[in-house]
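Participant: Sequence:
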Amino acid sequence: MAERTFKLPDIGEGIAEAEIADWLVKVGDIVQEDDLICEVTTDKATVEIPASAGGRVTWLGGEPGETMAIGGDLIRIDTDDAAADDVGREAKAPEEPDAVHSPEPVESPPAPQPAPSRAPQSTAPSMLGARDATGNPLAAPSVRGRAREAGVDLRRVRGTGPAGRILHSDLEDFIAHGAAMQGTGPEPRTATTEIPVTGVRRAIAERMADAKRHIPHFSIIEEVEVEALEELRGRLNDRFGADRGKLTLLPFIIRAVSEAILDHPEINAHFDDEAGIVTRYEALHAGIATQTYQGLMVPVIEHAEALSLWETAAELRRLSDAARARRAGPKELTGSTLSITSLGPLGAIATTPIINRPEVAIVGINKMSVRPVWNGGKFVPRRMMNLSCSFDHRVVDGWVAAEFVAKLKSLLEVPAMLFMEYRDE
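When the letters of the sequence shown are read in order and numbered with our numbering, they come out as residues 7 to 431.
Think of the hints as simulated: they come from the structure by calculation, not from any bench.
Every residue gets a Cβ at the ideal spot worked out from N, C-alpha and C, and that includes glycine.
Careful, some of the hints might be misleading.
[What the hints assert, rightly or not] Label pairs and their calculated CB-CB ranges:
no. : residue 1 : residue 2 : range
1   : Pro271    : Arg219    : 24 to 30 angstroms
2   : Arg164    : Glu229    : 52 to 58 angstroms
3   : Pro271    : Glu23     : 30 to 36 angstroms
4   : Arg219    : Met426    : 38 to 44 angstroms
5   : Glu23     : Glu193    : 43 to 49 angstroms
Generate coordinates for the entire structure from the input sequences, incorporating the hints supplied.
Facilitator: Quick look at the structure:
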């Protein structure tokens, strides 16, 4: 037997550990080179790990939910198995990212197989009478006959007899006292389910808790009239949408943010609170909060300040699709300087978004609605939208934050300013 241990490979710059999200093989399986063997999760992405050698799996290095250091023992494979067609190298890192360092496999003795991962547990205490093999409540024929006469559904009666059997006294007590209270409504729902918080969900939980613990948030909510912006967006889509794709509001928001930070560089920054250093960025690397079936991910549009509206829209589609299809790599999910989140399609009027640490601000977009607006002589209908922006009060003063939000408002209400070389002196 030539049993070899394969290490968890380097899966991205600066990543020291990963959580085992799921095993795609089990002990005893035959794998070939490049077969996917497991999925691991970092605080940014889920990555599939392929095998570099064929053989029979003899040992798995952990259970789903366990955290493993980069370079830790991941899997053991007997490469002498007759079905194997390759030997030698360690489990390959995914093709993303570009640079991967694969240490040589090492000889290791077999280890006992870990216990299988526990599935989510469900407990449903019996509140009503027990059921027989056919699913009917346990009760004597005479009790069933009395229930039919009284028009009582025995599924609603609590049994006090052996194994939850419904007795005559149970039925009569229900007829006398319980029927009026319980009526014919549905059965109470009593089941509970325990779901382990693992993978991306646990990473999100840790990052959100970390941000709230360390950052003294304050939020500003501002009402913005988007009548002119929506008219412009409609005309651009009518004129160019068939060839270039339809524009949503988000590219305009990103464009407005990239203009507003020119006058307020304090907003487009990172704060290293341990070193006591604020780093301001000229470039806008916009993190776009994206909901996936795994949870929240934040793909990054690099140098958003240098993109046209349609280039921004195309990059938004590409990154969102990649995140939802789990194709986004660590490089596409790191490096944001300011994040933007939108709950508008779900109907949120106002939110208080959580800052993506070490950033110092986040811009929230809420739903658009038609509201009456006083124009000096009468109320007129106008399309309105609220901006909800949160800031790190350690390094962003309230006055600066208010000026930044006011600048965003002015750019969105007069969208022609988005296309001018313009900056307040």
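Participant: Now, for every hint given, state plainly whether the structure supports it.
Facilitator: How the hints compare with the structure:
1. Pro271 <-> Arg219: 24 to 30 angstroms: For Pro271 and Arg219 the Cβ distance comes to about 27 angstroms; the hint holds.
2. Arg164 <-> Glu229: 52 to 58 angstroms: holds (55 angstroms)
3. Pro271 <-> Glu23: 30 to 36 angstroms: holds (34 angstroms)
4. Arg219 <-> Met426: 38 to 44 angstroms: holds (42 angstroms)
5. Glu23 <-> Glu193: 43 to 49 angstroms: Distance hint for Glu23, Glu193 holds at roughly 46 angstroms.
Hint violations for this structure: none, all hints satisfied.
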